[in-house]
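Student: Using the hints provided, position chain B relative to the given structure of chain A.
Chains as they are written, first to last, in the numbering used here: chain A, 1 to 334; chain B, 1 to 345.
Treat the hints with caution; some may be incorrect.
Unchecked claim - With a cut-off of at most 30 Å between alpha-carbon atoms, the simulated DSBU-like pairs for lysine-lysine come out as follows:
no.: 1; chain 1: A; residue 1: K252; chain 2: B; residue 2: K282
no.: 2; chain 1: B; residue 1: K291; chain 2: A; residue 2: K311
no.: 3; chain 1: A; residue 1: K296; chain 2: B; residue 2: K266
no.: 4; chain 1: B; residue 1: K330; chain 2: A; residue 2: K222
no.: 5; chain 1: A; residue 1: K286; chain 2: B; residue 2: K90
no.: 6; chain 1: B; residue 1: K64; chain 2: A; residue 2: K293
no.: 7; chain 1: A; residue 1: K293; chain 2: B; residue 2: K168
no.: 8; chain 1: B; residue 1: K283; chain 2: A; residue 2: K286
no.: 9; chain 1: A; residue 1: K222; chain 2: B; residue 2: K282
no.: 10; chain 1: A; residue 1: K286; chain 2: B; residue 2: K64
no.: 11; chain 1: A; residue 1: K286; chain 2: B; residue 2: K105
no.: 12; chain 1: B; residue 1: K241; chain 2: A; residue 2: K293
no.: 13; chain 1: B; residue 1: K206; chain 2: A; residue 2: K260
no.: 14; chain 1: B; residue 1: K283; chain 2: A; residue 2: K222
no.: 15; chain 1: A; residue 1: K293; chain 2: B; residue 2: K291
no.: 16; chain 1: A; residue 1: K219; chain 2: B; residue 2: K324
no.: 17; chain 1: B; residue 1: K330; chain 2: A; residue 2: K296
no.: 18; chain 1: A; residue 1: K219; chain 2: B; residue 2: K330
no.: 19; chain 1: A; residue 1: K252; chain 2: B; residue 2: K334
no.: 20; chain 1: A; residue 1: K260; chain 2: B; residue 2: K283
no.: 21; chain 1: A; residue 1: K252; chain 2: B; residue 2: K283
no.: 22; chain 1: B; residue 1: K168; chain 2: A; residue 2: K286
no.: 23; chain 1: B; residue 1: K291; chain 2: A; residue 2: K60
no.: 24; chain 1: A; residue 1: K260; chain 2: B; residue 2: K64
no.: 25; chain 1: B; residue 1: K266; chain 2: A; residue 2: K286
no.: 26; chain 1: A; residue 1: K252; chain 2: B; residue 2: K330
no.: 27; chain 1: B; residue 1: K206; chain 2: A; residue 2: K286
no.: 28; chain 1: A; residue 1: K286; chain 2: B; residue 2: K282
no.: 29; chain 1: A; residue 1: K296; chain 2: B; residue 2: K80
no.: 30; chain 1: B; residue 1: K324; chain 2: A; residue 2: K252
no.: 31; chain 1: B; residue 1: K64; chain 2: B; residue 2: K168
no.: 32; chain 1: A; residue 1: K60; chain 2: A; residue 2: K145
no.: 33; chain 1: B; residue 1: K324; chain 2: A; residue 2: K222
no.: 34; chain 1: A; residue 1: K192; chain 2: A; residue 2: K60
no.: 35; chain 1: B; residue 1: K272; chain 2: A; residue 2: K219
no.: 36; chain 1: B; residue 1: K266; chain 2: A; residue 2: K219
no.: 37; chain 1: A; residue 1: K60; chain 2: B; residue 2: K266
no.: 38; chain 1: A; residue 1: K286; chain 2: B; residue 2: K330
no.: 39; chain 1: A; residue 1: K293; chain 2: B; residue 2: K330
No wet-lab data here; the hints were simulated from the structure.
Please read all numbers here as calculations on a predicted model, not as lab measurements.
As a plain string of letters, each chain reads:
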Amino acid sequence: MESVDGAARTLPSIGRLSRGPPFGRAYGRFGLSPSGRLLPPAPLSQENADPQRTAFLLRKQWTLYSVTPLYRFSNAQLRDYARLLSAFIAAEKQKGLAVEVGVELDIKVAVSSLPDLKGSDQDQAAILVQLSSRSPASPKNSEEKLIWSGWFCCVSEDDLSENVPEDFTCLPLFLANGAESYTSIVGSWFQKTFDCCFRRLAISPLHLSWMAAMWTGCKVDKTACAMELVFSVPRLPQPLDISYAIHPEDAKALWDTVQKTPGEITQEEVDVFMDCLYSHFHRHFKIHLSATKLVKVSTAIASAHCDGIIKFLQSQYLTGVLMLLTELAISQIQ
Amino acid sequence: MDETVAEYIRRTVLKIPRDEIKTMLQKWGFLSETQLQTINFHQIKENISQDVVQLCEENSADIKQAAVLDIIYNHIYPNKRVWSVYQMNKTGEETEFFDLTDFKKKFKRRLRSALKNVTINFREYEDNAIWIRIAWGTPYTKPNQYKTSYVVYHSQTPYVFVSVSVLKSNLPLLCQALVVASNYHDIREMELRSHSLNSLKDIVFKRYSQNFQTYYPRPLQERNVAPETDLRIIQENKNEKERIERVNREVFGDGPQPKLEFAQYKLETMFKSDPEMDVLDKKEPFRCLVKFSSPHLLESLKSLAPAGMADAPLSPLLTCIPQKARNYFKIREKKGVFPGSFVSP
Numbered sequence: 001m002e003s004v005d006g007a008a009r010t011l012p013s014i015g016r017l018s019r020g021p022p023f024g025r026a027y028g029r030f031g032l033s034p035s036g037r038l039l040p041p042a043p044l045s046q047e048n049a050d051p052q053r054t055a056f057l058l059r060k061q062w063t064l065y066s067v068t069p070l071y072r073f074s075n076a077q078l079r080d081y082a083r084l085l086s087a088f089i090a091a092e093k094q095k096g097l098a099v100e101v102g103v104e105l106d107i108k109v110a111v112s113s114l115p116d117l118k119g120s121d122q123d124q125a126a127i128l129v130q131l132s133s134r135s136p137a138s139p140k141n142s143e144e145k146l147i148w149s150g151w152f153c154c155v156s157e158d159d160l161s162e163n164v165p166e167d168f169t170c171l172p173l174f175l176a177n178g179a180e181s182y183t184s185i186v187g188s189w190f191q192k193t194f195d196c197c198f199r200r201l202a203i204s205p206l207h208l209s210w211m212a213a214m215w216t217g218c219k220v221d222k223t224a225c226a227m228e229l230v231f232s233v234p235r236l237p238q239p240l241d242i243s244y245a246i247h248p249e250d251a252k253a254l255w256d257t258v259q260k261t262p263g264e265i266t267q268e269e270v271d272v273f274m275d276c277l278y279s280h281f282h283r284h285f286k287i288h289l290s291a292t293k294l295v296k297v298s299t300a301i302a303s304a305h306c307d308g309i310i311k312f313l314q315s316q317y318l319t320g321v322l323m324l325l326t327e328l329a330i331s332q333i334q
Numbered sequence: 001m002d003e004t005v006a007e008y009i010r011r012t013v014l015k016i017p018r019d020e021i022k023t024m025l026q027k028w029g030f031l032s033e034t035q036l037q038t039i040n041f042h043q044i045k046e047n048i049s050q051d052v053v054q055l056c057e058e059n060s061a062d063i064k065q066a067a068v069l070d071i072i073y074n075h076i077y078p079n080k081r082v083w084s085v086y087q088m089n090k091t092g093e094e095t096e097f098f099d100l101t102d103f104k105k106k107f108k109r110r111l112r113s114a115l116k117n118v119t120i121n122f123r124e125y126e127d128n129a130i131w132i133r134i135a136w137g138t139p140y141t142k143p144n145q146y147k148t149s150y151v152v153y154h155s156q157t158p159y160v161f162v163s164v165s166v167l168k169s170n171l172p173l174l175c176q177a178l179v180v181a182s183n184y185h186d187i188r189e190m191e192l193r194s195h196s197l198n199s200l201k202d203i204v205f206k207r208y209s210q211n212f213q214t215y216y217p218r219p220l221q222e223r224n225v226a227p228e229t230d231l232r233i234i235q236e237n238k239n240e241k242e243r244i245e246r247v248n249r250e251v252f253g254d255g256p257q258p259k260l261e262f263a264q265y266k267l268e269t270m271f272k273s274d275p276e277m278d279v280l281d282k283k284e285p286f287r288c289l290v291k292f293s294s295p296h297l298l299e300s301l302k303s304l305a306p307a308g309m310a311d312a313p314l315s316p317l318l319t320c321i322p323q324k325a326r327n328y329f330k331i332r333e334k335k336g337v338f339p340g341s342f343v344s345p
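Extracted from the complex, chain B is given alone in its bound form:
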């Protein structure tokens, strides 16, 4: 077995949390159940990985099998990477029958015609998701298994989720291969990025509960709710609090929000101030860059108005994130009838 393959397998196993190693190896299926029985999964990871490599040696593992283990790891822990979303377009309405074999063949052929040194692996999952792992080399060097890109393509949709990692220069080639293989016309990057692959899917596939602007049925007023235990406690601003809750629900929807970690706004709007203040009155935009970050951004934004830190309804610049399926914005002043309103191109 190749030294580099052995090292790669060893490092991949080390990434896996100890309690998960056995399950993942079983999913991988490269080592037999009997072989797995010989490994002591209670020893330190360093030793477990050595044992695994030993067994892979016996089975003469090559890079192809090692790559599959890597795909399995990334499929279970996708949140370790940052994912961008791409949307493909095609002219014409016909939905062609998706031929997986044809897709794989065309994809590999297109990539390899431009770059000989690549390792390409595919793995299909139940939800029609095709995972593609690509290890990049150069015209003169073998593929570097540690410099990989991942693509998740749901064949029934025009969306592709890509985690590029380091070699961004290979991106155009990757996009081209995708378009050709899937019989689409072109592809564009959406302004949407996150660690949470599932949340990105929720957003583009509209799988989260959306707010309905038109009609929101008010829940029946319960007349005989149990009163406050202590009558000396009076809720101030009760109406305002209820209004905020209601407006928040309308704007964010009832269900859990998709999980994003950041949103970025490049502002190129004019600075407007109270004319009394006698401050800056320039004809040029006041250039700012605003970044919001949070372990769960949308939930965080949703809680701002009830906490008294923001008005309700919150600005559409923030609440439109799931509908517009983007978290990177460039905001310029809207010219014309309504000053103070914004467009995002």
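Bound conformation, chain A alone:
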């Protein structure tokens, strides 16, 4: 696969920023170079998008994967794919790779498109795969229970397709919710059918601290929940976990004094923000949080875990967070 041109993507040029739509309606960009200057996620002014349609994505735990471009994927064949995937799952169960011990479940596959989830018009629309089950014992039109969901998406301001050969579809981010065994089966089918590769997307402490800083600065309407950082110190004789939760108003007040230029965030500012929090902690407990591992960040916008698990909490910032995750996925692929 042709590697996407990293430099042009990660370092926004000033010219590009000024050419874009006015800030209030701009989708934020999240390049992640060390000295990178980024835009914080702006609240999405959704003209056409209906937050109700994506509401089902909120408050669920999604496991993240990076996916290499799919070969010969077509938006027009979603129904066929559903049929083929369904047959594949049935075959796997026949083989004895039963996913559910005991009750024989009748699994139905639905593949659909989520046009609202993209960064720009050139992005691929997100593709949603849902597995529902109906126990064969229950009547034909009884309710189906959703047992697994997974969706591919690409939320980026750039046109990634210009760097990718023809016949390839760029959907670098995959999010799954449900049993690992189903994720594995669905993943295998996609890998076989479209010659792509899935990899768990880990989030480094560096990226987590970016998220903490960025999301703390976001305006939220309702009374927000605390900004929480979770640290882990596993290598002690007795492991230790530290949860450090800050009142969201106080955290935002701190961040607002740290962030000097509106519309931009620098690595330095993130470092200062984190150092302030670390030193406040050290003042009280004499413990160096910087020597521990940051494993989870939770704000009113979203929560992210270093194992590559995300939870979206605000629909207006959904696209902003997805943009960041898409960037992470792309850098993992390269």
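Tutor: Using the frame of chain A, we list chain B on its own:
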């Protein structure tokens, strides 16, 4: 035998690890040795419990006996529950003679006067510990044997260990009954909670080895210690490492630490920063909530400084936990002479 009693006994037996069932039933003493001999303790637990229920049926077990089995289970596995600590106060210095019968009578009477539907059971143990099991009902429903509270009272002390489980609304009534029955004046909840009942006892009864701030005798320097096998290995910061070890020992004491799983600090102190940094300078507190958790918190904290993750000595906010007998704190800025020092109210 009542259906509910049978089911309750069955579920209690299922909780017990299979290898322990026979011993516990023997402790219980409700089934005779001959009866116990008829049970095959090597079959699956599901079947063992059915056999036990069958035998209890023969002996016409009632809820009282079933409750005793539950107490025995919880006495051997107290760490399955979360325990809080309460301290009672009395005016006057006289230590009255503790009359167990009187205590039980007054306790039951006080509880029952307010709530008819309760099951109350007592069991005494060698270390002067009185275990009380209470199953709560409502004015209109029978006691729910699965919604129980446990109280462990050491009659020679003012301390009571309580595991409430679900119905927190019954707590005031429970406290009242305890105070009345034990002839104390009032009772207050300490900010101390843990799964490990024995550790809580260690802390309040001061049974752990405490650090002595005044004098710590240095061990004799052994001059002829066997040298490092490889002379190319040099211990950097040897003095610092030794200082950390020494300070750690002074602060934590030598012996094993009481076992707590968490400590929580509600911080309402000011945010102070390097004036050069030009950051937040508010007049209001910087509100935080910090939670430490670990399978063995104090041992974990003790190992932080030697691991290089913390300064030695560690903050008194953490090291005071056993002495202050608390693991929930609210920290506010101390006003006055020494800025940057803390009080916990």
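Student: Next, verify each hint and record whether it holds.
Tutor: Here is what the structure says about each hint:
1. A:K252 to B:K282: Holds, at roughly 12 Å.
2. B:K291 to A:K311: holds, 22 Å
3. A:K296 to B:K266: holds, 20 Å
4. B:K330 to A:K222: holds, 27 Å
5. A:K286 to B:K90: violated, 39 Å
6. B:K64 to A:K293: violated, 52 Å
7. A:K293 to B:K168: Given that 30 Å is the threshold and the Cα spacing comes to 37 Å, the pair is violated.
8. B:K283 to A:K286: Distance of about 24 Å is within 30 Å: holds.
9. A:K222 to B:K282: holds, 23 Å
10. A:K286 to B:K64: violated, 53 Å
11. A:K286 to B:K105: violated, 51 Å
12. B:K241 to A:K293: With a Cα-Cα distance of about 23 Å, the restraint between K241 of chain B and K293 of chain A holds, given a limit of 30 Å.
13. B:K206 to A:K260: violated, 53 Å
14. B:K283 to A:K222: holds, 25 Å
15. A:K293 to B:K291: The given pair, whose Cα atoms are some 16 Å apart, holds under the 30 Å limit.
16. A:K219 to B:K324: Violated - the C-alpha atoms of K324 of chain B and K219 of chain A are around 41 Å apart, more than 30 Å.
17. B:K330 to A:K296: holds, 25 Å
18. A:K219 to B:K330: Roughly 29 Å between the alpha carbons, so the hint for K219 of chain A and K330 of chain B holds.
19. A:K252 to B:K334: holds, 25 Å
20. A:K260 to B:K283: With a Cα-Cα distance of about 21 Å, the restraint between K260 of chain A and K283 of chain B holds, given a limit of 30 Å.
21. A:K252 to B:K283: Holds: K252 of chain A and K283 of chain B sit about 15 Å apart, inside 30 Å.
22. B:K168 to A:K286: Since the Cα atoms of K168 of chain B and K286 of chain A sit roughly 36 Å apart, the hinted pair is violated (cutoff 30 Å).
23. B:K291 to A:K60: holds, 25 Å
24. A:K260 to B:K64: violated, 70 Å
25. B:K266 to A:K286: holds, 16 Å
26. A:K252 to B:K330: Judged against 30 Å, a Cα distance of about 22 Å means the pair holds.
27. B:K206 to A:K286: holds, 26 Å
28. A:K286 to B:K282: holds, 23 Å
29. A:K296 to B:K80: Given pair K296 of chain A, K80 of chain B holds - Cα atoms ~28 Å apart, limit 30 Å.
30. B:K324 to A:K252: violated, 34 Å
31. B:K64 to B:K168: holds, 23 Å
32. A:K60 to A:K145: holds, 16 Å
33. B:K324 to A:K222: Distance of about 39 Å is beyond 30 Å: violated.
34. A:K192 to A:K60: Satisfied, since the Cα-Cα distance of roughly 28 Å is no more than 30 Å.
35. B:K272 to A:K219: holds, 25 Å
36. B:K266 to A:K219: holds, 25 Å
37. A:K60 to B:K266: holds, 29 Å
38. A:K286 to B:K330: Holds - the C-alpha atoms of K330 of chain B and K286 of chain A are around 17 Å apart, at most 30 Å.
39. A:K293 to B:K330: holds, 26 Å
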